[in-house]
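**Student:** In case you want the letters, here they are:
Number of protein chains: 2
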Amino acid sequence: MFTITKKDEKTKARLGVIRTAHGDVNTPVFLPIGTKGAIKSIAAEELKFWGAQMILANTYHLWQRPGDGLIAKAGGLHQFMNWKGGIFTDSGGFQVFSLGKNVKVTDQGVTFRADLDGSTHTLTPESSVQIQLNLGSDIALVLDEFPAAETDKKIVAAMVARTTMWAKRAMAEHKKLLAHSINPGQMQWGIVQGAIFEDLRKQSAEEIRTLEFPGYSIGGVANGGESPELMYQAVNYSIPHLEEDKPKHLLGVGTPEQIVRAVALGCDSFDCVVPTREARHGKLYVNLKPQDGGGYYTMNINLEKYKEDFTPLDNTCSCYGCTNFTRAYLRHLFASGEPLGIRLATMHNLRFYLNLMQNIRDSIEAGNFDQILKNYKDQTIELKAQ
Amino acid sequence: MFTITKKDEKTKARLGVIRTAHGDVNTPVFLPIGTKGAIKSIAAEELKFWGAQMILANTYHLWQRPGDGLIAKAGGLHQFMNWKGGIFTDSGGFQVFSLGKNVKVTDQGVTFRADLDGSTHTLTPESSVQIQLNLGSDIALVLDEFPAAETDKKIVAAMVARTTMWAKRAMAEHKKLLAHSINPGQMQWGIVQGAIFEDLRKQSAEEIRTLEFPGYSIGGVANGGESPELMYQAVNYSIPHLEEDKPKHLLGVGTPEQIVRAVALGCDSFDCVVPTREARHGKLYVNLKPQDGGGYYTMNINLEKYKEDFTPLDNTCSCYGCTNFTRAYLRHLFASGEPLGIRLATMHNLRFYLNLMQNIRDSIEAGNFDQILKNYKDQTIELKAQ
Numbered sequence: 239m240f241t242i243t244k245k246d247e248k249t250k251a252r253l254g255v256i257r258t259a260h261g262d263v264n265t266p267v268f269l270p271i272g273t274k275g276a277i278k279s280i281a282a283e284e285l286k287f288w289g290a291q292m293i294l295a296n297t298y299h300l301w302q303r304p305g306d307g308l309i310a311k312a313g314g315l316h317q318f319m320n321w322k323g324g325i326f327t328d329s330g331g332f333q334v335f336s337l338g339k340n341v342k343v344t345d346q347g348v349t350f351r352a353d354l355d356g357s358t359h360t361l362t363p364e365s366s367v368q369i370q371l372n373l374g375s376d377i378a379l380v381l382d383e384f385p386a387a388e389t390d391k392k393i394v395a396a397m398v399a400r401t402t403m404w405a406k407r408a409m410a411e412h413k414k415l416l417a418h419s420i421n422p423g424q425m426q427w428g429i430v431q432g433a434i435f436e437d438l439r440k441q442s443a444e445e446i447r448t449l450e451f452p453g454y455s456i457g458g459v460a461n462g463g464e465s466p467e468l469m470y471q472a473v474n475y476s477i478p479h480l481e482e483d484k485p486k487h488l489l490g491v492g493t494p495e496q497i498v499r500a501v502a503l504g505c506d507s508f509d510c511v512v513p514t515r516e517a518r519h520g521k522l523y524v525n526l527k528p529q530d531g532g533g534y535y536t537m538n539i540n541l542e543k544y545k546e547d548f549t550p551l552d553n554t555c556s557c558y559g560c561t562n563f564t565r566a567y568l569r570h571l572f573a574s575g576e577p578l579g580i581r582l583a584t585m586h587n588l589r590f591y592l593n594l595m596q597n598i599r600d601s602i603e604a605g606n607f608d609q610i611l612k613n614y615k616d617q618t619i620e621l622k623a624q
Numbered sequence: 239m240f241t242i243t244k245k246d247e248k249t250k251a252r253l254g255v256i257r258t259a260h261g262d263v264n265t266p267v268f269l270p271i272g273t274k275g276a277i278k279s280i281a282a283e284e285l286k287f288w289g290a291q292m293i294l295a296n297t298y299h300l301w302q303r304p305g306d307g308l309i310a311k312a313g314g315l316h317q318f319m320n321w322k323g324g325i326f327t328d329s330g331g332f333q334v335f336s337l338g339k340n341v342k343v344t345d346q347g348v349t350f351r352a353d354l355d356g357s358t359h360t361l362t363p364e365s366s367v368q369i370q371l372n373l374g375s376d377i378a379l380v381l382d383e384f385p386a387a388e389t390d391k392k393i394v395a396a397m398v399a400r401t402t403m404w405a406k407r408a409m410a411e412h413k414k415l416l417a418h419s420i421n422p423g424q425m426q427w428g429i430v431q432g433a434i435f436e437d438l439r440k441q442s443a444e445e446i447r448t449l450e451f452p453g454y455s456i457g458g459v460a461n462g463g464e465s466p467e468l469m470y471q472a473v474n475y476s477i478p479h480l481e482e483d484k485p486k487h488l489l490g491v492g493t494p495e496q497i498v499r500a501v502a503l504g505c506d507s508f509d510c511v512v513p514t515r516e517a518r519h520g521k522l523y524v525n526l527k528p529q530d531g532g533g534y535y536t537m538n539i540n541l542e543k544y545k546e547d548f549t550p551l552d553n554t555c556s557c558y559g560c561t562n563f564t565r566a567y568l569r570h571l572f573a574s575g576e577p578l579g580i581r582l583a584t585m586h587n588l589r590f591y592l593n594l595m596q597n598i599r600d601s602i603e604a605g606n607f608d609q610i611l612k613n614y615k616d617q618t619i620e621l622k623a624q
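Top line first, the protein sequences correspond to chains Y and P. 239 is the number of the first residue of the first sequence in this note's numbering; add one for each residue after it. 239 is the number of the first residue of the second sequence in this note's numbering; add one for each residue after it.
No lab work stands behind these hints: they were computed from the structure. Keep in mind that the hints are not guaranteed to be accurate.
No copy is singled out in the list; a pair is fine if it fits within one copy or between any two copies.
To be verified - Each computed DMTMM-like pair below joins lysine to aspartate or glutamate, with the alpha-carbon atoms no more than 25 Å apart:
{"id": "1", "residue 1": "414", "residue 2": "482"}
{"id": "2", "residue 1": "311", "residue 2": "542"}
{"id": "3", "residue 1": "521", "residue 2": "620"}
{"id": "4", "residue 1": "311", "residue 2": "547"}
{"id": "5", "residue 1": "391", "residue 2": "355"}
{"id": "6", "residue 1": "339", "residue 2": "247"}
{"id": "7", "residue 1": "311", "residue 2": "546"}
{"id": "8", "residue 1": "543", "residue 2": "355"}
{"id": "9", "residue 1": "527", "residue 2": "262"}
{"id": "10", "residue 1": "527", "residue 2": "603"}
{"id": "11", "residue 1": "322", "residue 2": "546"}
{"id": "12", "residue 1": "545", "residue 2": "353"}
{"id": "13", "residue 1": "622", "residue 2": "283"}
{"id": "14", "residue 1": "545", "residue 2": "355"}
{"id": "15", "residue 1": "250", "residue 2": "444"}
{"id": "16", "residue 1": "322", "residue 2": "284"}
{"id": "17", "residue 1": "245", "residue 2": "411"}
{"id": "18", "residue 1": "322", "residue 2": "547"}
Start from the sequences and build out the full structure, keeping to the hints where you can.
**Tutor:** In structure tokens, the structure reads:
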């Protein structure tokens with residue numbers, strides 16, 4: 239299911255290939271997010287041209303609407319949204335826990351009131367498996383429980399225990415149902431929790447490891463509040479206790495700079511709403527040349543200073559917007575509320591992320607990833623100070 | 239500037255070519271609307287693939303934001319929005335008159351308070367010319383004055399007189415400034431008004447005709463309220479008094495059925511917000527096969543009955559949405575508020591219109607346009623009654 243093709247000598251970064259039922263995925267890889275079965279403003283197939291290999295879809299949203307049963311009738315999510323590459327689904331738990339005070343967790347599962355219509359539902363380790371089998375994703379995740387950023391260690395310990403117990407049940411359910419599902423090639427990956435506690439991360443990793451999942455997600459690092467340094471620490475507490483030759487996905491991370499750092503720690507895949515969400519607000523990533531300090535900065539296209547700027551958004555980028563339009567035009571689209579603005583911005587930011595991943599893979603191959611690690615910085619604040 | 243290449247024997251329909259500074263335009267032609275320098279959700283260049291030849295941009299909106307001066311600095315609207323085909327601009331008057339009670343008309347021009355910031359502006363025949371020259375469109379219209387649907391004949395007569403007086407001033411201004419403008423190949427067309435009154439339409443057409451514009455717009459037929467039959471009548475009152483060998487644009491018309499009828503009356507070009515506006519509400523045009531009565535109907539993709547409809551939106555259509563997605567998926571995108579839904583719907587409706595125009599041109603060429611005229615009906619209501 240996963241082959242490491244090259245290891246970086248100076249960091250824990252590695253090149254690899256995840257074999258999915260919908261093609262090989264070269265890692266390190268970034269997964270654009272198609273929350274509700276669509277990438278904002280973009281048809282999934284368009285992403286293929288820019289090097290997207292796998293997308294992440296949210297089990298919770300699709301379960302609630304249009305319903306996993308309907309998607310199964312359509313032949314699965316690949317067919318429903320006409321995406322021929324890999325699909326990774328989360329367990330649905332993250333969105334359920336985000337609903338806040340209407341959420342109740344027991345050993346059985348999570349009971350909550352849906353945000354769409356206020357009706358009460360329960361998500362269990364078993365039903366999460368069933369929903370993801372109906373979606374027919376290539377990589378499915380087990381349901382887990384995790385804390386908000388700063389939580390009492392005793393509470394986290396109980397959550398780690400429950401995550402392990404749920405993982406066993408999810409695995410049993412998956413084994414029972416997989417063969418007769420839409421995508422019998424679906425893999426099920428485990429999840430490591432434990433918040434910022436070294437011993438709990440170790441315990442969680444070791445317990446999940448005994449279940450012999452083909453891959454892992456490292457969870458609970460992007461649920462708000464924690465600093466990037468604590469996030470890197472949580473990754474460092476987890477990875478050494480997992481088999482080196484299995485793929486590791488870092489859930490919900492991150493900014494371009496964070497992804498580079500996490501690759502160096504041994505993470506293989508990433509998903510994050512940042513590039514698409516920032517795009518909707520007119521925040522766009524621009525590459526800096528080495529002579530300008532390297533790395534990148536985030537520009538706010540809404541600013542007055544771009545009003546008569548007839549240069550491309552990013553002259554190193556070959557996306558549709560950068561090769562066809564100026565900053566002035568893009569700013570005009572945002573100022574006028576023209577939906578084309580968000581589309582061009584989303585395309586650009588995703589292209590930026592996908593190009594970054596290609597550069598990371600190329601540099602590991604060429605043996606100079608440590609140079610990217612050293613030089614790749616978000617210079618937005620530095621540029622503002624000038 | 240305009241060549242008629244074939245005349246239909248049974249109607250006044252004709253095939254023609256308008257020569258613009260940005261390429262030949264084969265008529266009858268439909269102009270997608272790029273109000274603010276963008277077609278909703280779509281990059282203008284994408285339209286090229288589906289046969290769009292010329293678009294209409296609104297002088298009022300671009301004057302107000304980002305400003306015609308900025309667009310001139312960008313090298314004109316073609317360059318600003320990266321559209322290499324023809325651009326047709328209106329005079330700005332229609333939008334100004336739509337502002338309602340804050341509008342004051344004198345012989346000098348129209349004074350109004352802008353909807354964007356409440357500031358006071360005056361649009362004159364001369365400034366409308368100047369703005370359109372800054373935009374660098376291929377066909378510019380003269381400023382006119384026109385009534386709401388049902389107006390006193392005396393008032394309309396005064397408006398016709400003012401429209402003629404303004405046309406002379408606009409022509410003089412255009413002659414003065416054209417050579418040193420961004421697009422020295424810009425044509426200026428006249429406008430015929432006169433509401434629903436036969437003698438006033440005749441008078442307006444004859445007065446405008448003496449000015450020897452290279453083409454005409456027929457105005458005041460789509461400003462709300464009037465029935466299609468009155469609109470056809472207004473066209474019939476106007477066209478016989480204009481030279482046969484000059485192109486005639488019917489402003490703001492119309493539904494697919496209305497366009498077919500107006501082609502039969504001798505109209506050569508059309509613009510209308512209907513296909514793009516309907517698309518944003520999930521109203522989509524679907525072709526009916528001859529055995530199903532021919533013509534077309536408008537489907538509301540939001541309806542429950544399409545929830546599990548895994549067939550293409552329109553299986554006669556080769557647009558991106560129809561060849562890649564199902565009605566169920568499109569409905570899901572609308573239900574979820576995914577912007578991709580509006581994009582696919584807009585692409586489909588524009589493709590439908592552009593295909594219709596191609597069919598009209600082909601049928602005139604083949605000598606059977608009268609069959610389209612006879613059979614091409616909007617069957618939406620008939621289908622609902624079944």
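**Student:** Now tell me, hint by hint, if it's right for this structure.
**Tutor:** Evaluated hints:
{"no.": "1", "hint": "414 x 482", "verdict": "neither (28 Å within a copy, 77 Å between copies)"}
{"no.": "2", "hint": "311 x 542", "verdict": "between (50 Å within a copy, 16 Å between copies)"}
{"no.": "3", "hint": "521 x 620", "verdict": "within (17 Å within a copy, 49 Å between copies)"}
{"no.": "4", "hint": "311 x 547", "verdict": "between (50 Å within a copy, 10 Å between copies)"}
{"no.": "5", "hint": "391 x 355", "verdict": "neither (35 Å within a copy, 56 Å between copies)"}
{"no.": "6", "hint": "339 x 247", "verdict": "neither (47 Å within a copy, 74 Å between copies)"}
{"no.": "7", "hint": "311 x 546", "verdict": "between (51 Å within a copy, 8 Å between copies)"}
{"no.": "8", "hint": "543 x 355", "verdict": "between (44 Å within a copy, 20 Å between copies)"}
{"no.": "9", "hint": "527 x 262", "verdict": "neither (32 Å within a copy, 43 Å between copies)"}
{"no.": "10", "hint": "527 x 603", "verdict": "within (22 Å within a copy, 57 Å between copies)"}
{"no.": "11", "hint": "322 x 546", "verdict": "between (41 Å within a copy, 21 Å between copies)"}
{"no.": "12", "hint": "545 x 353", "verdict": "between (40 Å within a copy, 21 Å between copies)"}
{"no.": "13", "hint": "622 x 283", "verdict": "neither (37 Å within a copy, 35 Å between copies)"}
{"no.": "14", "hint": "545 x 355", "verdict": "between (43 Å within a copy, 18 Å between copies)"}
{"no.": "15", "hint": "250 x 444", "verdict": "within (20 Å within a copy, 83 Å between copies)"}
{"no.": "16", "hint": "322 x 284", "verdict": "both (11 Å within a copy, 23 Å between copies)"}
{"no.": "17", "hint": "245 x 411", "verdict": "neither (35 Å within a copy, 72 Å between copies)"}
{"no.": "18", "hint": "322 x 547", "verdict": "between (39 Å within a copy, 21 Å between copies)"}
The structure does not agree with the numbered hints 1, 5, 6, 9, 13 and 17 stated previously, though it agrees with the rest.
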